[in-house]
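Visitor: Residues per chain, in single letters:
Number of protein chains: 2
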Amino acid sequence: MYQSDYYTQDIHGPYDLYDVGDFVLEEGMTIRGLQLAYHTQGELNAAKDNAILICTWYCGTTKFYEQYYIGKGRALDPDKYFIIVVNQIGNGLSTSPHNTQGAGGMAAFPHVRISDDVRAQHKMVTEKWGIKKLALVAGGSMGSEQTWEWAVRYPEMVQRAAPIAGTAVTTPQCAAFSRTLDEARTSDPNFNGGNYKTNHDVEIGLRREAALWTVFGFSPEWLKQEKWRALGFSSIEDFQVNFMDACFTPMDPLDLQNNAWKWQRADVSRNTNGDLAAALGRIKAKVFVMPIATDHLFPVADCAAEQKLTPNSELRVIDSLAGHLGLFGFDGKAYFDQLDKHLGELLATRG
Amino acid sequence: MYQSDYYTQDIHGPYDLYDVGDFVLEEGMTIRGLQLAYHTQGELNAAKDNAILICTWYCGTTKFYEQYYIGKGRALDPDKYFIIVVNQIGNGLSTSPHNTQGAGGMAAFPHVRISDDVRAQHKMVTEKWGIKKLALVAGGSMGSEQTWEWAVRYPEMVQRAAPIAGTAVTTPQCAAFSRTLDEARTSDPNFNGGNYKTNHDVEIGLRREAALWTVFGFSPEWLKQEKWRALGFSSIEDFQVNFMDACFTPMDPLDLQNNAWKWQRADVSRNTNGDLAAALGRIKAKVFVMPIATDHLFPVADCAAEQKLTPNSELRVIDSLAGHLGLFGFDGKAYFDQLDKHLGELLATRG
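Those sequence lines, one after another, are chains A and B. Position 126 of the first sequence, counted from 1, bears residue number 126 in this note's numbering, the numbering being contiguous throughout. Position 305 of the second sequence, counted from 1, bears residue number 305 in this note's numbering, the numbering being contiguous throughout.
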């Protein structure tokens, strides 16, 4: 454990911590005193039927959603909805390798699965607020994987679901990409099997990870058209160092590792002995499957195949040149307008 | 310099060496006694108008083309054509970092550009055989980059050109990917700034490079459908270790580095002060631009954009699920049938 200068209330807050208690993970280990970092906007109504849950992506925190996905007059409107944004286990704010004291912290922190997150979130949502129905569960990338798991695992509870730029089952290529990120980090000699003092020791490995994200996270066309110029960068090297490296170097390597392990193994068919059609067939929510058109990590074809297996669903492709990292709204208003349109229409359905 | 157990006549031969002599590179250094490794099939006719030149890809050698791209009764038919297959500088068979003696070898080996290769090949083709016209220049990936350079630099000489799965200008994403390969290799502590004894010292770095190729070289769909099973592998890990790692670990890290530097900088518009339209406008060859449908490194869109700027050209997309590494014919007969069809039709044109 160490005191990070990044995973702080100043940078990612305000957020609260929900004490899930001792939590037995699917892989058999127990996290003692599991805490979920979350934040809410809006008010839960008397009928408790206006709650929305938003789940985070790989190494992301709730702050980004709060700044860019939620707002008065938008689809995710805190004037209408009680919006709970929750940080996944291991993301640096919720219980994570770097912030866990004692023998079970850092490199000994246990493997966590998407289903663990969803079970812990379920406990929070039901026990803390007594919510019995969620008007919507949504999230991008790994948040999408949590969204799918929610819809499959708690079909009576999830009225609507919006998996954005993510699949219900991590594909082999996506998992292989994620493993190259692990390799990039752990090959830094200063990673030292996870026995480092702070993330700053592993800066070389973290920069190596950031470089892989540049190659794989954006579409070829976005890079070719030098769209990073609009963000104020003078060259791709400038963008790499002062944006991508700046994003990744403050993060904790073991937290990333924990999220990556989870990402590599997302699979809703674990609920149905490997039968994906049966898993998705369980879903009662109205589902808008929302891939990004140029996403190479979670390609439209993979998302469309899952959508076809989902009873009450529609495919809503988001037109964006930015590739997977279009999730960050690099296309600006055009991206968020589409997001709001689709989410607004989804929320207007009976669910 | 060291004696490689991989870059040998046994494995890659038979091949001959052409002595280009002392060769001044575009970046200003001289390779003394530059040798191009090449092999020919078929006979040069009396009119010397039946010669075809085939150029190699990144870390590839002529052997693969000879085994899989050329054959009696096929488009590249040695009964009809005099087929010269030539190894690019730095590929391990032609003069390369690992096989260069003295102070200018290994890590001190100079940077080489695509245009250097093409100038050296031109010298060989004209001086050794007195060839004035090439019926066809073709090649995949970096071989495509050489093909484009040939067509732009020697427009009177190249009658037909078939750039396969490659562009005339390396795109930013493609260059960024190539840099991650460099980083994967050089981050192995045993790479030691290039001061290693043999490639075997750098096996960890080479395996890291091989893992990146798996992620980026194949299409998501090819991996998802587990097409590697047809090649006799039992899992993606088995495929990684016993195919991809087996491909890359015998190679020389500095040879790869040399090819990668060249790849990152391919740009025919260097012939025309950065004006790509002017460069491609120079071409007199009949050109079939042949991207692979699922290629993420040299996407169809980029190839099509260059084709549009090329006067006497057609876009011939090769339908293959395998992504860029479809070049290796992972789709089997279906791939080679398309290749032969397009090349056959190209060779049947007046050029």
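Please keep in mind that the hints were generated in silico from the structure rather than gathered at the bench. Each hint should be verified, as a subset may be incorrect.
Identical copies go unnamed one by one, so any copy, or any two together, can satisfy a pair.
[As the list claims (entries may be wrong)] Cross-link-like lysine-lysine pairs, in silico, DSS-like; alpha carbons within 27 Å at most:
no.: 1; residue 1: LYS224; residue 2: LYS308
no.: 2; residue 1: LYS308; residue 2: LYS227
no.: 3; residue 1: LYS80; residue 2: LYS132
no.: 4; residue 1: LYS80; residue 2: LYS197
no.: 5; residue 1: LYS308; residue 2: LYS197
no.: 6; residue 1: LYS308; residue 2: LYS128
no.: 7; residue 1: LYS197; residue 2: LYS48
no.: 8; residue 1: LYS48; residue 2: LYS72
no.: 9; residue 1: LYS63; residue 2: LYS224
no.: 10; residue 1: LYS123; residue 2: LYS227
no.: 11; residue 1: LYS133; residue 2: LYS227
no.: 12; residue 1: LYS123; residue 2: LYS63
no.: 13; residue 1: LYS224; residue 2: LYS128
no.: 14; residue 1: LYS48; residue 2: LYS224
Visitor: Decide, hint by hint, whether the structure agrees.
Guide: Verification of the supplied hints:
1. LYS224 - LYS308: between (33 Å within a copy, 17 Å between copies)
2. LYS308 - LYS227: Classified as between: cross-chain Cα gap 23 Å, same-chain 33 Å, threshold 27 Å.
3. LYS80 - LYS132: within (18 Å within a copy, 77 Å between copies)
4. LYS80 - LYS197: The answer is neither: 45 Å in one copy and 68 Å across copies each exceed 27 Å.
5. LYS308 - LYS197: neither (48 Å within a copy, 55 Å between copies)
6. LYS308 - LYS128: neither (35 Å within a copy, 61 Å between copies)
7. LYS197 - LYS48: neither (45 Å within a copy, 69 Å between copies)
8. LYS48 - LYS72: within (20 Å within a copy, 76 Å between copies)
9. LYS63 - LYS224: neither (30 Å within a copy, 33 Å between copies)
10. LYS123 - LYS227: neither (42 Å within a copy, 41 Å between copies)
11. LYS133 - LYS227: So LYS133 and LYS227 fail the 27 Å test inside a copy (41 Å) and across (42 Å) alike.
12. LYS123 - LYS63: Only inside one copy: LYS123 and LYS63 sit 22 Å apart there, 61 Å across copies, limit 27 Å.
13. LYS224 - LYS128: Answer is neither; intra-copy 48 Å and inter-copy 40 Å both fail.
14. LYS48 - LYS224: Close neither inside one copy (48 Å) nor across copies (41 Å); limit 27 Å.
Hint check: violations occur at hints 4, 5, 6, 7, 9, 10, 11, 13, 14; the rest are consistent with the structure.
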